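**Q** Each chain, letter by letter, is given below.
4 protein chains.
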Amino acid sequence: MISFENDYIQGAHPEILKRLAETNLEPLSGYGSDPYCESAREKIRRVCGSENAEVHFLAGGTQTNAVVIDSMLNGYEGVVAADSGHIAVHEAGAVEFTGHKVLTVPGHTGKIDPGELEQYLEGFYRDENHEHMVFPGMVYLSHPTEFGTLYTKEELKQISEICRQYEIPLYLDGARLGYGLMSRETDVTLPDVAEFCDVFYIGGTKVGALCGEAVVFPKKAPRHFLTSVKQHGALLAKGRLLGIQFDTLFTDDLYFKISRHAARMAEKLKEVLREKGLPFAWESPTNQQFVVMEDSRMEQLREKVAFSFWEKADAEHTVVRFATSWGTTEEEIEELRRLL
Amino acid sequence: MISFENDYIQGAHPEILKRLAETNLEPLSGYGSDPYCESAREKIRRVCGSENAEVHFLAGGTQTNAVVIDSMLNGYEGVVAADSGHIAVHEAGAVEFTGHKVLTVPGHTGKIDPGELEQYLEGFYRDENHEHMVFPGMVYLSHPTEFGTLYTKEELKQISEICRQYEIPLYLDGARLGYGLMSRETDVTLPDVAEFCDVFYIGGTKVGALCGEAVVFPKKAPRHFLTSVKQHGALLAKGRLLGIQFDTLFTDDLYFKISRHAARMAEKLKEVLREKGLPFAWESPTNQQFVVMEDSRMEQLREKVAFSFWEKADAEHTVVRFATSWGTTEEEIEELRRLL
Amino acid sequence: MISFENDYIQGAHPEILKRLAETNLEPLSGYGSDPYCESAREKIRRVCGSENAEVHFLAGGTQTNAVVIDSMLNGYEGVVAADSGHIAVHEAGAVEFTGHKVLTVPGHTGKIDPGELEQYLEGFYRDENHEHMVFPGMVYLSHPTEFGTLYTKEELKQISEICRQYEIPLYLDGARLGYGLMSRETDVTLPDVAEFCDVFYIGGTKVGALCGEAVVFPKKAPRHFLTSVKQHGALLAKGRLLGIQFDTLFTDDLYFKISRHAARMAEKLKEVLREKGLPFAWESPTNQQFVVMEDSRMEQLREKVAFSFWEKADAEHTVVRFATSWGTTEEEIEELRRLL
Amino acid sequence: MISFENDYIQGAHPEILKRLAETNLEPLSGYGSDPYCESAREKIRRVCGSENAEVHFLAGGTQTNAVVIDSMLNGYEGVVAADSGHIAVHEAGAVEFTGHKVLTVPGHTGKIDPGELEQYLEGFYRDENHEHMVFPGMVYLSHPTEFGTLYTKEELKQISEICRQYEIPLYLDGARLGYGLMSRETDVTLPDVAEFCDVFYIGGTKVGALCGEAVVFPKKAPRHFLTSVKQHGALLAKGRLLGIQFDTLFTDDLYFKISRHAARMAEKLKEVLREKGLPFAWESPTNQQFVVMEDSRMEQLREKVAFSFWEKADAEHTVVRFATSWGTTEEEIEELRRLL
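Here the protein sequences come in this chain order: W, H, E and U.
In terms of the working numbering, the first sequence has 154 at position 11, counting the first letter as 1, and numbering is strictly consecutive.
In terms of the working numbering, the second sequence has 408 at position 265, counting the first letter as 1, and numbering is strictly consecutive.
In terms of the working numbering, the third sequence has 280 at position 137, counting the first letter as 1, and numbering is strictly consecutive.
In terms of the working numbering, the fourth sequence has 435 at position 292, counting the first letter as 1, and numbering is strictly consecutive.
Chain W extracted, bound-state conformation (with noise of 0.2 Å):
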């Protein structure tokens, strides 16, 4: 049996789970206020070109998005997104539970189109009843977004001129960051992502770590962030835990280069799906590969390899995502050329 099923089936990178262990009985403080910690916010400080950034860590994307978007929304705002959003459909309201609403505008393979955003906010301050409606306060992407999609350099700036505008923030969920920057087909670098956002997160879950992610405030986080986030039960006691796995990721550039592999296990992935005849359900350029199958060669096909349900296509076909990782291998690759 050979998975491709998501990109969080494995555990660590392997480096990671040594460094776990060299440096297990070290007596080291709590909260994040290690040396672990402290080194590996200075690595990404340097990797973003942002020397001044705010980093924090958090334990898991759900609670980075709720945490994020409460600690830096007023209460009487809300967060746009695409109606696609992460945050829109699949966190089970952790936004909403903390009191804002989730705005949708049309998602486009995920994507939000930048003239879209900027009619939706002028048509908001010129509807005479804006005040007894919730006020648009962040603007929220995923980047890769859910469908696997990236925005391009000019897209992103757009973006962020318009919040700008508007003097709202700009918040880039990348729970794949790595897989989106190491896609041949992007012009976005890491800097970009801190010149264009006022914060983002570093997935780490997804890409390599056991558990994890890097927000990063390029600017200057929310006052006292970290008793928001104790607040919303997001602190871990044992801080070292996410210092250590983002210190190993941002050392030697592994970040990058295990991001890079997986895109490039993607590459090898398409040509292999679209050699077998399987077609695009839209066109990805990352990790996450989505084609349209007959049932009844899906339903063969799940008895060797593990892949996902996406959506019902019609009647007999059906769309499934199959991703790559930090994790896969060429032979798996191969073997699914084979079974295919």
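Calculated directly from the structure, the hints in this document are not laboratory data.
Note that the structure is a prediction, hence the values are computed from the model and not measured.
Some clues are possibly wrong.
Which copy is meant is left open, so a pair is good if it fits within one copy or across any two.
Stated by the list, open to error - The list that follows gives simulated cross-link-like pairs (lysine-lysine, DSS-like), each with its CA atoms no further than 30 Å apart:
#1 K363 with K186
#2 K161 with K400
#3 K186 with K161
#4 K186 with K400
#5 K296 with K413
Starting from the structure of chain W, add chains H, E and U where the hints point.
**A** This is chains H, E and U only, laid out in the frame that chain W set:
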């Protein structure tokens, strides 16, 4: 430098790291549905003598308290705790963040007095204005308490009966449960806890895990608890991280063995402190020991030994805490003896 | 200047002010426990044909929606509404403020289609990821809708059956319920509403009261509902203010008489608008009428008549709303005819 | 039967009902934008000696407390109150419902001691763990307190200075403010309140209105406060109901006249109680008087006079409360004298 600063200064018990490494590349399904989680649940049910218990894994203590309390209370209810209870003081208002008040009764070196609890509940319903007040909807205990103290079996039984009479659940915060159960001075067993409580958690973070707490509902978890966990941002994608840790802790009684070790180290620590003429601030039968120290002596000792400030005793004395853990060694105790 | 701006431009029906004055100096107990509240409850039970109904009085519509929805949902649930529903758009996120998501289905001139609702619910439970999503825990309808449209008895019945099949309550927002019930084009009666819904409110603010909505639970209110009302800041000390108003409205059918008057005025208004060649934006059988007007004509008319902007139709036309109410006079309609 | 049960047993001052009737059919815009609201605001600014104050009208006290506190606190902050403060005890957890903790300091017959407040704030920031605790983000006073007591001008000044030193707003709950200001035993004026506080409310519900509280921000209201009010379900469509009431109360000093009347009636009441040998539970200079009564005498009196139970004093005695209001008459006092 030796450290008695707290019980989460080190990483994980080495056996846990070993198991994480051994299972690292196995592809496993996410969110707690993997076989290691299932195996851990089964082992926990067995040691609790509670074969129908539902068991869930969360990452940390404050998170666990917030999720459990919020998902078990009705909207108009609060949780009753000792005024020194962790949820009342040191969780940055995580319970209030979910909309519920922490209702306090006097703590007696951290413990709720059954008689006073009963009086409070009786008084509440007798108050003609009680419909304008927050209903007591749950009782929260920590065991061991923040003061290192323990309830007797009889006290737990009484509190449990009071809760059942008022039809409100009893919740026991077992952040340091192992250290309590393995004290020589307790008559409380894990099956007792499962019998008297409606929900409790077995602390991992402070008892040998990198992170993680096992929530046990001896009878029944609230409906759709997994969704509540997700909504609170508390669901780890790689549930294996918690499952493997707890599976390891409950294999060959590791949890109890390492807890017993910490308890034995605490006994030796007590001897040393007593021998050195340091008066105990109060009697603690568990891994945390509190003594009154002259400020000058404290400053001097701090150069060689890490321990924690608890509170000022008077102008020239301070109450300080020494904690042992699964990782404390006899050599460290001897070194402390030498240094005092 | 005559006004069709909305249905809350005037104070209260004079009979209400008269009763408030007559009872003004009587010392009465607070918080809804006075005999006028009790009398109003009894009369409402009678007109609803629902002798065991629990009836509570609140001050306004958004408040009522937030309190009712929050107190009936479980923590992990949201409320399903048409995307144009008042709670989804014009209540400043009052539902999300209580922690619950508003889940939207397409509105058809304000109405939920029973077939689409069923499809949504089926689809939700068929989705393999639904445990990571907000559970649909209630259905919210407005009747009349924000577009002035009405559900037929058959539609309400179907929606009710769907809700009962999925074991979720059906809630009807009756801010303008009187104007709906007294339309010539409805087959829905108040006992029908009480039969099909698990909770609904009879709007007072827009139907002759100074303020106030009567929430009716035909079977049973949530436990300790009064405390929930207080907790949401919605409990008036002088409950008499609401009790006397509703007691007056439900004495000698005043509520129905004044609603019928508004409905008759709306019919005359429609005649005038039709006669003057103003195309209706959509067909509304109730007190709100929506027509498309040339912008120049609109500007001119605004000098003499108050009405509301609804939305731009195209570059040179606007959809505008004219509303009648219990206070609209035939003279005002005639004056409008003259001015158009 | 005569009643001293509380200060909201009757409707409104007759002048208010008269004005409501006179203005009843005028078409007015909603949500507080009508000219009566504007006029009331202007008059309130004048009596407060605070020409730039922002004034908003809400319906009731608990609502006002929740909206004001929530909209002025940061997410990680709580509000400091006396342990007997209304928000701490008798508002069903309305503040916690908005996610904020009520942090209590000891009350001295309802009052916060400036020295103890300072000590609490100093102690908070000195505590090494304070980042794990709820930050004190505001101070809440009630004046008069729930015990009828009053702060002196000097005490208010001191508390105000402490708040300014810690850069947190001071909020004064003036549910019975008129009765405090018109006490013969106070040196505090309304302009003093406006000078020392960052926000306060002038209570209407208990001082002659049907409902309503006027919130005054002497300097500046939080941004988009109207939207916050709406989001909390606290925005009345017919804002006129509040505007006309407050406009009437602040025309020809009505608010002060009726408050003074209640204060004079309280003085007479005190004489009667003293004359009849009833010991005062504590000294109150305002409209609420608390005496200790033998239980048998209490039961007997209750047949003819309404008053409230406060608390048991001992096995055979009870503390009871007698309240005067704008509506209390000399005849009622005389009747009480006769009956005692």
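**Q** All hints are to be evaluated individually against the structure, with a verdict given for each.
**A** Here's how the hints hold up against the structure:
1. K363 with K186: within (17 Å within a copy, 43 Å between copies)
2. K161 with K400: Intra 17 Å, inter 26 Å, cutoff 30 Å: intra and inter.
3. K186 with K161: Intra 19 Å, inter 28 Å, cutoff 30 Å: intra and inter.
4. K186 with K400: within (15 Å within a copy, 39 Å between copies)
5. K296 with K413: Within. Shortest intra-copy distance 24 Å satisfies the 30 Å Cα cut-off; inter-copy 54 Å does not.
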